[in-house]
Amino acid sequence: MSEARYALGVDLGTTNCALSYVDLDAGEAEAGRQQTLPVAQLTGPGAVEERSLLPSFLYLPHPDEMASDDLVLPWGAQPEFVVGELARERGAQTPIRLVSSAKSWLCHAGVDRRAAILPQEAPEEVPRCSPLNASIRYLEHLRDAWNHNHPDAPLGEQELTITIPASFDPAARELTAEAARTAGYQRVTVLEEPQAALYSWIQASEGAWREQVQVGDVILVVDVGGGTTDLSLIAVIESDGKLELHRIAVGDHILLGGDNMDLALAHVVAGKLAAQGTQLDPWQIRALTHGCRSAQELLLMESDRDTVPIVVPSRGSRLIGGSIRTELTRQEVTATLVEGFFPHVEAGARPQSRARTGLTQLGLPYAQDAAISRHLAAFLTRQIGATEDLTGIPTAPPNASFLHPTAVLFNGGVFKSALLAERIMDILNGWLTAEAAAAARRLEGADLDLAVARGAAYYGYVRRGGGVRIRGGTAQAYYVGVESALPAVPGIAPPVQALCVAPFGMEEGSAAELPPQEFGLVVGEPVRFRFFGSSVRRQDEVGTRLDQWAAEELQELGEIELTLPAEGRTPGEIVPVKLRAAVSEAGTLRLEAIPRQGAERWQVEFDVRS
Amino acid sequence: MTQRRPSLLARIPLALSTFWRIICNGEFAQGVLRLRQGVAPERAEPAAQPAALLQEAGPAAALQLLGLLQRDGRFIDFIQEDVAAFSDADIGAAARVVHEGCRKVMREHFTLDPVRGEAEGARVTLEQGFDAASVRLTGNVVGDPPFQGTLTHKGWIATQTRLPKLAVGHNVNILAPAEVEL
Numbered sequence: 001m002s003e004a005r006y007a008l009g010v011d012l013g014t015t016n017c018a019l020s021y022v023d024l025d026a027g028e029a030e031a032g033r034q035q036t037l038p039v040a041q042l043t044g045p046g047a048v049e050e051r052s053l054l055p056s057f058l059y060l061p062h063p064d065e066m067a068s069d070d071l072v073l074p075w076g077a078q079p080e081f082v083v084g085e086l087a088r089e090r091g092a093q094t095p096i097r098l099v100s101s102a103k104s105w106l107c108h109a110g111v112d113r114r115a116a117i118l119p120q121e122a123p124e125e126v127p128r129c130s131p132l133n134a135s136i137r138y139l140e141h142l143r144d145a146w147n148h149n150h151p152d153a154p155l156g157e158q159e160l161t162i163t164i165p166a167s168f169d170p171a172a173r174e175l176t177a178e179a180a181r182t183a184g185y186q187r188v189t190v191l192e193e194p195q196a197a198l199y200s201w202i203q204a205s206e207g208a209w210r211e212q213v214q215v216g217d218v219i220l221v222v223d224v225g226g227g228t229t230d231l232s233l234i235a236v237i238e239s240d241g242k243l244e245l246h247r248i249a250v251g252d253h254i255l256l257g258g259d260n261m262d263l264a265l266a267h268v269v270a271g272k273l274a275a276q277g278t279q280l281d282p283w284q285i286r287a288l289t290h291g292c293r294s295a296q297e298l299l300l301m302e303s304d305r306d307t308v309p310i311v312v313p314s315r316g317s318r319l320i321g322g323s324i325r326t327e328l329t330r331q332e333v334t335a336t337l338v339e340g341f342f343p344h345v346e347a348g349a350r351p352q353s354r355a356r357t358g359l360t361q362l363g364l365p366y367a368q369d370a371a372i373s374r375h376l377a378a379f380l381t382r383q384i385g386a387t388e389d390l391t392g393i394p395t396a397p398p399n400a401s402f403l404h405p406t407a408v409l410f411n412g413g414v415f416k417s418a419l420l421a422e423r424i425m426d427i428l429n430g431w432l433t434a435e436a437a438a439a440a441r442r443l444e445g446a447d448l449d450l451a452v453a454r455g456a457a458y459y460g461y462v463r464r465g466g467g468v469r470i471r472g473g474t475a476q477a478y479y480v481g482v483e484s485a486l487p488a489v490p491g492i493a494p495p496v497q498a499l500c501v502a503p504f505g506m507e508e509g510s511a512a513e514l515p516p517q518e519f520g521l522v523v524g525e526p527v528r529f530r531f532f533g534s535s536v537r538r539q540d541e542v543g544t545r546l547d548q549w550a551a552e553e554l555q556e557l558g559e560i561e562l563t564l565p566a567e568g569r570t571p572g573e574i575v576p577v578k579l580r581a582a583v584s585e586a587g588t589l590r591l592e593a594i595p596r597q598g599a600e601r602w603q604v605e606f607d608v609r610s
Numbered sequence: 611m612t613q614r615r616p617s618l619l620a621r622i623p624l625a626l627s628t629f630w631r632i633i634c635n636g637e638f639a640q641g642v643l644r645l646r647q648g649v650a651p652e653r654a655e656p657a658a659q660p661a662a663l664l665q666e667a668g669p670a671a672a673l674q675l676l677g678l679l680q681r682d683g684r685f686i687d688f689i690q691e692d693v694a695a696f697s698d699a700d701i702g703a704a705a706r707v708v709h710e711g712c713r714k715v716m717r718e719h720f721t722l723d724p725v726r727g728e729a730e731g732a733r734v735t736l737e738q739g740f741d742a743a744s745v746r747l748t749g750n751v752v753g754d755p756p757f758q759g760t761l762t763h764k765g766w767i768a769t770q771t772r773l774p775k776l777a778v779g780h781n782v783n784i785l786a787p788a789e790v791e792l
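Same order as they appear, the protein sequences are chains A and B. All letters in the first sequence, in the order written, are residues 1 to 610 by the numbering used here. All letters in the second sequence, in the order written, are residues 611 to 792 by the numbering used here.
Accuracy of the hints is not assured; some may be wrong.
[Stated by the list, open to error] Sample of chain A residues with no beta-carbon within 12 Å of chain B, all distances over it, derived: (1) E157; (2) G241; (3) K242; (4) E244; (5) A287; (6) S294; (7) D306; (8) A367; (9) G392; (10) E507; (11) R569.
[What the hints assert, rightly or not] Facing chain A, from chain B, some residues (calculated, C-beta under 7 Å): (12) E691; (13) A703; (14) A704; (15) V707; (16) H709; (17) L776; (18) A777.
Simulated from the structure, these hints should not be mistaken for lab results. In this text, a Cβ means the ideal position worked out from N, Cα and C, and glycines have one as well.
This is chain B alone, in the form it adopts within the complex (with noise of 0.2 Å):
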């Protein structure tokens, strides 16, 4: 990086606190001396950090999704109503809209699959080296694979993702515009 020469008039303060900045702190005064020698300053090494291993989803994948359910299911208007007012059948009715967007949705941007093809309740045998992401062990996990257990549910992956892509520069975080008809 470069870096303009101060002027006249910036070097008078500069001097002026550099001067007291001498007297008073000895490891400033030490590399001010460096300097003159002609030895370049000792930078402080930032100690090396650990790589990282966590990372933050972005949130405009999650925001578009949102948006999604919410024009075709009204999900986040269902989500937000406070149901406890309502009876089962008010909440049935609402249920439909919300299921058949939902699924709209669902079948149009992901392609899904489940994991497992068994049915439920089948006994299934993990082999060593199981990919343990995709399968989740419970009850009386102990001893070495081949695990032999009990399928409780099939799982779900997501095979394909089909997002609608966003012009530059759209705003994610408005899931549904405002509506005012003139």
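Just chain A, same shape as in the assembly (with noise of 0.2 Å):
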């Protein structure tokens, strides 16, 4: 293989993909002359149109929907689906047709992300498509798209970074990387999403970000995007006399983000409008949420504004008969969007979190409590011990009920409307002062669109010793569950342990001890396992075993599953295994099961069909 010339950067969002460059040969100056490619994609039958953003929607039409000429993309695929624009705009109108939010459903363990389940509420007769394909149909659409651009430097020659949720579990992470291999991308790393965005800030400061962080900052990545809230707190320290930077702490995956604040808008002005007569189809919804969305941030950003008109379009020719005019008042988006989504909480604050109904919840797990700022609360507090292993910060005072952040990065475009920026920025700072804390500062001078494609980008320069880079490894232990050897008592199950089997922290590329433990598996049959995530348990050491937990220290993920292949062995057979740990140069967790004896290797499958 040929040496890479670029470093490629991929956003795979929820909503939105991107795909950002440097050019490898570059100095460092110049690698902050990145560039974004340009991603033709059909924006209507037989139109073709380059945008920077593609969005990760795809579409599954009719056989005699579109005519397969109005298919056809500049690099002469034909494919019977649309992805991008045109999927977006076609899906909004048929909705059983298309496929959104795949990214979500990749880190939900509670289905088989390989099975064609998407569109969720399609008829019998429309072709599926499981989470894992959708993505990977995005990312070959941009694969062709940069090869069509770059005959000269193909797509899998290029050091290429995908970034991804801080919050995503072990089996969400390899989805991701396991996507991209199959779309053709061979030198693969996957970065998560809060330090993309710090990256890109790093970058965009060409230098000056050493005079804005000082040794003992402690920074507070809050990225909301279309459709997730991803929240990472990062160290400054000093090490042999020059800065680093330590990732110490990520938050839970939350499924909360602008599309979730757009919507809401569109129903409090939708309830306006019912009000007085006039009931809203789901198309006249759309078109209202997409009026939202642009009068929303007028009001957030114009504070000499009270009211912005907004009018849904008719939806037959009769433009000027048929529209509904309404407007949005200022009132109305702060009562919605800022107490709604930020409102003023005690830094004791919790997410709320209604009792499930007794149905099995078979669509996505939205987070049940809307309002941001109680999520950051609990985060930050959680997290008061993150920075206890690092010297150089300044411990937390013993008052302290929170861990202190002392400077703040927005990133997605929600933050586009200064007033929401402004408002976390607020109640952080009121939380600091009624602790005697210093007050946070925001950094300035993201791209509020680009940052992660930027960041992921930046980064592949920086892993060949181009910049500074951002440490810290996994940011959570796992275990697995163990059942305690005790004597069965009917009606009660046995108690489960949990074994540390990777600490905290393990960095790319490292491998875990063995733990001492061994288990018994027999040849031939699947073995489940219950697997555990920490975020807040940094000293357990491999073969740790845990009798109890707070509900808030473990997280249970999705389960595990190892078969061992009857080859060479009698079926029924028993061999003791153990347990290893190992992140890949990827960035993936690996779990793999090492008997006795031999040099046999089992790997752990961590995507188990439900």
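Once you've looked at the hints, go ahead and assemble the two chains, each given alone in its own frame, into the complex.
Below you can see the structure in the form of structure tokens.
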């Protein structure tokens, strides 16, 4: 394989994808001159345009819906599905044929992510697609667009970084890496989005970041994308006289983002219209959502406007007679968005959870509490001990009830409305003042839409030793559930112990030690383990057994599965094995079973059919 | 161009019609005579036409732009409707849809710049050899450049055009398809 010429960063987002790249032959100054790939895509039947973002939507048209000539792409492909702008537009009108939010499904342990389950509400005859396959199609589209633009530098030979939410579990990380490999991306690394945002900020500062942060700073990255809210803490420490960045904590997977906000606002306005006797159909609600988004940005940016008119166009050709006029007021935006998603809460607040209904939830596990400030409070409180192991970070005062960040970096299109970023700063600084800590400052100058893709491309450059690297390794310690050896008591499930197999902070390319515990596995029969992760237990080592734990400490992830092939063994035979964890160069976790004798290794599957 | 030799059946009517034409048409008879003597028949040289100075713009791009303005800005719906019957408030509401959508189309597909950077109302000087296509002279147009005048409109120039690429055989005449909900 020839030497990579470019470092490519791919932001595989819930609602939009982007590809950014830097020329690796250029020096550090030039690395700032990064580019974004214009992605050719269908914007109408038979019409192809280049856009900097590729909407992450997949549309599966009816055979009679579009002529095959109308689906032709510049690189000659004529797929039977549509990806990008046209998919989004068509899908809004025919949702039963639309695959959206594939990324959220990729991290949903409750479903089989390789099974053709999307679109979820499609009738029988619509061909379905798995969350993994949808991701592969977006990546393939980006690959083809790149190759079409750079015939001399095929994508498979370039250095690639794909971003994922920091809160992705090992299975979702591995599935993302697998999607990339399937799509022909060969040198792939996965990078957490909040880190990518910080890399982009570092790069954009052109070296000035060293003046903007000091040793002892703890940077809170608040990344609110279209579908997810991602929180990370990154500490600035000194090592050998140089500034070093350490990602010390990541938040839970919160399915809550800008799309929810647009929808919330549209429903407020639709409710107002309904009160006046005008009922909107789903098509009109969509037009209204679109109108609310631009109106909301105006209201949150220009403080001298109190109302912005919104017009819901008629569906038929009678535009003037058939359109519905209404308006969005500042007060509605404040009440719905600012108070609804960013309410002033105490630092001790926790997200509220409603009791789940008895029926099994088949849809996406959306966040039950829409208040991002409460999720933030819970995150900072849980991570109060995150800096304990680091030297150079001032120890928290004894009265501190949460971890005190000193700087905040925002990312995501939601924060184009400056008022929302200000509100978070207000809330956070309120908490800090209450504990007599200095106010946190805001790190300015990030491109909210493209920072993740840019940071990812810059990371490829950094990996070659071109700039400061954020360290941190895995953001969780991982455990497998082991049944305690206790006498069976009828009606009571044997208590489960959690055995640590991967400690916190494993770096890429490293392997954990072998735990002392062995498991007896039956040859030829799949064995399932319960699997847990902890984002707070930093001290646990491989082999640590937990008999009990607080609900906040350990989170149960999807089950994991191991099958010992029967070759060379008698089916039914019991083989003692140990489980060893390793983190690949690509940044994904691997668990393998190692028998007492012999050089065989069996891979543990994270993604298990539910 | 090579032609197949006529068959016997085809030659009979040819011979008969040629016979009558030789009798009736002296010029034709002279041509046949020259052919029989082995001299190539004289061709009437087409009169030299003046080079085409006018060209017709292809309709494809214009239709495509109309389609985009309709898709994003409901432009055709708006123009085709009779505004006389509606109040200014109704027209104004619809105009917002048209304005926002058409503006988006313009921004996405064209890069527009003013032709002149000066503020409207400013005094400007046009030197000898200025581009008459980009600056239109009005009013007291006499004398020789340099011309002194007031900028009444700054002008617009499209510095970039980015229209969507179309699939071969795509029917641009359909500006907006009819919609049928099932």
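Do the hints match the structure? See the list:
no.	hint	verdict
1	E157	holds (27 Å)
2	G241	holds (49 Å)
3	K242	holds (44 Å)
4	E244	holds (43 Å)
5	A287	violated (9 Å)
6	S294	violated (8 Å)
7	D306	holds (17 Å)
8	A367	holds (32 Å)
9	G392	holds (49 Å)
10	E507	holds (44 Å)
11	R569	holds (57 Å)
12	E691	holds (5 Å)
13	A703	holds (4 Å)
14	A704	holds (4 Å)
15	V707	holds (5 Å)
16	H709	violated (10 Å)
17	L776	holds (6 Å)
18	A777	holds (4 Å)
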